[in-house]
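Trainee: The listed protein sequences derive, respectively, from chains A and B.
Each residue of the first sequence is one higher than the one before, starting from 4 at the first, in this note's numbering.
Each residue of the second sequence is one higher than the one before, starting from 4 at the first, in this note's numbering.
It is possible that some hints are incorrect.
To be verified - Subject to a maximum C-alpha distance of 20 Å in a straight line, what follows is the list of computed SDA-like cross-link-like pairs (lysine to any residue):
hint : chain 1 : residue 1 : chain 2 : residue 2
1    : A       : LYS29     : A       : ALA148
2    : A       : LYS27     : B       : GLY107
3    : A       : LYS29     : B       : ALA81
4    : B       : LYS113    : A       : ASN87
5    : A       : LYS29     : B       : PRO93
6    : B       : LYS45     : B       : LEU6
7    : A       : LYS27     : B       : THR95
8    : A       : LYS27     : A       : HIS40
9    : A       : LYS113    : B       : GLY107
10   : B       : LYS113    : A       : SER134
11   : A       : LYS113    : B       : THR95
12   : B       : LYS45     : A       : ARG96
13   : B       : LYS113    : A       : HIS40
14   : B       : LYS29     : A       : LYS113
15   : A       : LYS113    : B       : ALA81
16   : B       : LYS49     : B       : ARG31
17   : A       : LYS27     : A       : GLU53
18   : B       : LYS113    : A       : ARG96
Unchecked claim - Covered stretches of chain B (chain A as the covering partner; in silico rule of three or more C-beta atoms under 8 Å from a C-beta of chain A):
hint : segment
19   : 89–97
20   : 114–126
21   : 153–162
These are calculated hints, taken from the structure and not from any lab test.
From the three backbone atoms N, C-alpha and C, an ideal C-beta is built for every residue, glycine too.
Chain by chain, the residues run as shown.
Protein chains: 2
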Amino acid sequence: MALRFALLAALYEEPLTGYDLTLKFKTRLANVWNASHQQIYKELGKLHEEGLVSVEDIPQQGKPDKRLYRINETGEAALSDWVNTAHNRPPTRDPLLVKLFAGGLLDRDKLAHELADTRQIWREQLAYYRSVEAQYFTSRAEMPAHFRFQHLALRRGILGMESNLQWLGEVEAMLADLAAGV
Amino acid sequence: MALRFALLAALYEEPLTGYDLTLKFKTRLANVWNASHQQIYKELGKLHEEGLVSVEDIPQQGKPDKRLYRINETGEAALSDWVNTAHNRPPTRDPLLVKLFAGGLLDRDKLAHELADTRQIWREQLAYYRSVEAQYFTSRAEMPAHFRFQHLALRRGILGMESNLQWLGEVEAMLADLAAGV
DNA sequence: TTTTGTTATGCATACTATTGCATATCATGG
DNA sequence: CCATGATATGCAATAGTATGCATAACAAAA
Numbered sequence: 004m005a006l007r008f009a010l011l012a013a014l015y016e017e018p019l020t021g022y023d024l025t026l027k028f029k030t031r032l033a034n035v036w037n038a039s040h041q042q043i044y045k046e047l048g049k050l051h052e053e054g055l056v057s058v059e060d061i062p063q064q065g066k067p068d069k070r071l072y073r074i075n076e077t078g079e080a081a082l083s084d085w086v087n088t089a090h091n092r093p094p095t096r097d098p099l100l101v102k103l104f105a106g107g108l109l110d111r112d113k114l115a116h117e118l119a120d121t122r123q124i125w126r127e128q129l130a131y132y133r134s135v136e137a138q139y140f141t142s143r144a145e146m147p148a149h150f151r152f153q154h155l156a157l158r159r160g161i162l163g164m165e166s167n168l169q170w171l172g173e174v175e176a177m178l179a180d181l182a183a184g185v
Numbered sequence: 004m005a006l007r008f009a010l011l012a013a014l015y016e017e018p019l020t021g022y023d024l025t026l027k028f029k030t031r032l033a034n035v036w037n038a039s040h041q042q043i044y045k046e047l048g049k050l051h052e053e054g055l056v057s058v059e060d061i062p063q064q065g066k067p068d069k070r071l072y073r074i075n076e077t078g079e080a081a082l083s084d085w086v087n088t089a090h091n092r093p094p095t096r097d098p099l100l101v102k103l104f105a106g107g108l109l110d111r112d113k114l115a116h117e118l119a120d121t122r123q124i125w126r127e128q129l130a131y132y133r134s135v136e137a138q139y140f141t142s143r144a145e146m147p148a149h150f151r152f153q154h155l156a157l158r159r160g161i162l163g164m165e166s167n168l169q170w171l172g173e174v175e176a177m178l179a180d181l182a183a184g185v
């Protein structure tokens, strides 16, 4: 039920095509909401059927026509209702932690590899989030409230990744201790 | 596909009933993997069908009979394979961040309420995780590796909650600034 | 005494997400 | 010349999760 509101929130900024939205979800919305292009196209279809967005077909040559989606008043009202309703925290499900819980069965080398890959991913994410912050959210001038809220969403990504990396440090230190027989 | 391994990991420690597992998922596994009792009972049935666990029926009076599940060698082998295979990071999906992304539509009072509730939940979680750490993971004596790995899973919960609360601080500070017209 | 909570199991349905497949053109690099 | 990746849209099948309902006894509190 929330994917549609993530889409509406993205469209609330600017009209976009399914393709654009897919890119946006992979970049600026990466720390907010995940969705595949199949999900996005499907849900956009529903949103249109239900009259929350309008579509403008833009013919192209060589490529399939673009379908530019635009949030309308109904959609804005629905989004507004939703954002002002409380929701439960999403549940935690992390396969890496399941693995640690079954620690006795772990092959330490393989774990070390997975951790190294994870570190790489987290570092890149963090670097990306920081670059976005540096580009868009460091101006001394006063930012409109709307901008500040988006900055906070980004801050969550940054603080979260920092915490992840800090934790990884603890994990790797422990593995080193184990390897050294401490 | 991972729920079953979370179950196997929990059973790897000790034989449990569906009911016990439900409690364990709500407490010690809260920061690891979430699952409802319906999911758990169903998956236990499958695991039994597929021969990864054995069942002992324990008759009771007044209440339904207990079904005590025990991981067997096949199950242990499957779990071992799984924990030593790399998996992708779970995708991020947070309705609260979607709301911030659509910041312009937010009712500040309602947001403040949702944030206060969230703070409460996170504080309680953190307090719980810390109490578990104090109880089980502070002995000076050397802990078996298996125990240390579980401690790391818990550390993730602790560091994560600390980071969440730190972020909430930033959010509330920003809201206060806005309210003061800064 | 009635309600609420705990113990204990499960089915059925609806919703959401993943994975595999399909199509078609253009640009770029090897 | 051929493979890969970007642009651009989507369908179908499967897997996984959530939600609502059902049963049944006992204990404790209101």
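Trainee: So, for every hint listed, does it hold in this structure?
Mentor: Verification of the supplied hints:
With a C-alpha separation of about 24 Å, the suggested pair A/LYS29 and A/ALA148 falls outside the 20 Å cut-off, and the hint is violated. For the proposed pair A/LYS27 and B/GLY107, the alpha carbon gap of about 19 Å is at most 20 Å, so the pair holds. With a C-alpha separation of about 33 Å, the suggested pair A/LYS29 and B/ALA81 falls outside the 20 Å cut-off, and the hint is violated. For a cut-off of 20 Å, the pair hint linking B/LYS113 to A/ASN87 stands: about 6 Å separates their Cα positions.
With a C-alpha separation of about 14 Å, the suggested pair A/LYS29 and B/PRO93 falls inside the 20 Å cut-off, and the hint holds. Of the pairs offered as hints, the one joining B/LYS45 and B/LEU6 holds, with about 11 Å between alpha carbons and a cut-off of 20 Å not exceeded. Between A/LYS27 and B/THR95 the alpha-carbon distance is near 14 Å, which keeps this suggested pair within the 20 Å criterion. Simply put, A/LYS27 and A/HIS40 have alpha-carbon atoms about 11 Å apart, close enough for the 20 Å limit, and the pair holds.
The straight-line distance between the Cα atoms of A/LYS113 and B/GLY107 is roughly 46 Å, outside the 20 Å bound, and the hint therefore fails. Restraint check for B/LYS113 and A/SER134: the C-alpha separation of about 31 Å exceeds 20 Å, so the hint is violated. A hinted pair counts as satisfied when its Cα atoms are at most 20 Å apart, and A/LYS113 with B/THR95 does not qualify at roughly 25 Å. With a C-alpha separation of about 18 Å, the suggested pairing of B/LYS45 with A/ARG96 holds against the 20 Å cut-off.
Proximity of B/LYS113 to A/HIS40 is assessed by CA-CA distance (about 32 Å); at most 20 Å being required, the pair is judged violated. Taking the CA atoms of B/LYS29 and A/LYS113, the gap is near 29 Å; set against the 20 Å cutoff, the hint is violated. For the suggested pair A/LYS113 and B/ALA81, the alpha carbons sit about 16 Å apart, so the restraint of at most 20 Å is met. Restraint check for B/LYS49 and B/ARG31: the C-alpha separation of about 24 Å exceeds 20 Å, so the hint is violated.
Restraint check for A/LYS27 and A/GLU53: not satisfied, since their Cα atoms lie roughly 23 Å apart, outside the 20 Å limit. Distance hint between B/LYS113 and A/ARG96 is unfulfilled; the C-alpha atoms sit about 28 Å from each other, more than 20 Å. Coverage of a stretch by a chain is defined here by at least three residues with a beta carbon nearer than 8 Å to that chain's beta carbons; for the segment 89–97 of chain B and chain A the count is 8, and the condition holds. For the segment 114–126 of chain B, the assignment as covered by chain A holds, since 6 residues bring a beta-carbon within under 8 Å of that chain's beta-carbons and 3 suffice.
A stretch counts as covered by a chain when three or more of its residues have a beta carbon under 8 Å from one of that chain; for the segment 153–162 of chain B and chain A the count is 6, and the coverage holds.
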